[in-house]
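Chain by chain, the residues run as shown.
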Amino acid sequence: MVCLQGASAIEEVLKELQGKPVHAFVVWEPVLPTDWGAPSTAALKRISDGRVAQYWDKDRLVSKSMGERDKKSIVWDHIAVYGPGATWHQKTALFADGPVIKVLEPAREAIIKALSVTTARCHAFNDVVCSRKRVLR
Amino acid sequence: MTRKALLAISAALLLGAVIYFYGGHTAPPTQPALVDLTSQTLSKIENAFNDSKDDVRVLVLLSPT
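Chains as they are written, first to last, in our numbering: chain F, 586 to 722; chain A, 17 to 81.
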């Protein structure tokens with residue numbers, strides 16, 4: 586249930602940042618004995634923002650790629666914030682911690698800080714990509 | 017309250033919980049469909065993450081129950 590509360594809390598943060606260039610990747614993975622299968626429609630609905638993509642990772646491949654070696658090192662109930670430029674294989678998080686519900690405030694601050702850098706870059710360089718994105722949005 | 021009524025209420029609550037935690041796997045209509053990640057499809061999340069590299073991204077790992 587704590588994880589589901591974390592999902593709802595993330596939805597609140599995204600709501601607060603409506604219209605901002607933030608994308609969320611939500612990876613659901615089996616950790617608890619009750620995690621028999623993919624997340625239910627009700628669980629998925631807890632994060633309904635259109636900038637979110639949700640994944641069911643039954644083999645915990647993402648957790649393993651982030652350092653899981655045994656049961657104690659499973660990466661779950663975890664939130665990480667990445668700034669512009671970070672790629673999947675060369676990603677250094679601006680913020681990464683858990684449990685989600687407990688670290689939501691610093692995570693939110695990291696998102697806002699990263700957004701201010703993005704906006705400043707757009708203004709400073711009159712960035713063509715930023716301008717095009719504004720038109721598309 | 018009779019024992020029968022208590023049993024009926026318990027059964028209804030249990031059924032409700034089962035439906036809530038395990039019923040369907042449909043993502044909200046504003047989002048792409050839920051993706052099953054396997055070693056063959058892991059690139060889907062990698063590509064989606066990299067495709068929006070000009071933006072701020074949040075990666076969240078959660079358990080479904």
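Rather than coming from a laboratory, the hints here were simulated on the basis of the structure. Take these hints with a grain of salt, some might be off.
Once the Cα atoms are required to be at most 30 Å apart in a straight line, the calculated DSS-like pairs of lysine-lysine come out as [said to hold, decoys possible]:
| # | chain 1 | residue 1 | chain 2 | residue 2 |
| --- | --- | --- | --- | --- |
| 1 | F | K656 | F | K605 |
| 2 | A | K60 | F | K656 |
| 3 | F | K676 | F | K643 |
| 4 | A | K20 | F | K698 |
Keep in mind the model is a prediction, meaning the values are calculated, not measured.
Consistency of the hints with the structure:
Between K656 (chain F) and K605 (chain F) the alpha-carbon distance is near 37 Å, which puts this suggested pair outside the 30 Å criterion. Using a Cα cut-off of 30 Å, the hinted pair K60 (chain A) and K656 (chain F) holds, with the two alpha carbons roughly 26 Å apart. Distance hint between K676 (chain F) and K643 (chain F) is fulfilled; the C-alpha atoms sit about 23 Å from each other, no more than 30 Å. Between the alpha carbons of K20 (chain A) and K698 (chain F) the distance comes to roughly 58 Å, so the proposed pair goes past 30 Å and is violated.
Comparing the model with each numbered hint stated earlier shows that hints 1, 4 do not hold.
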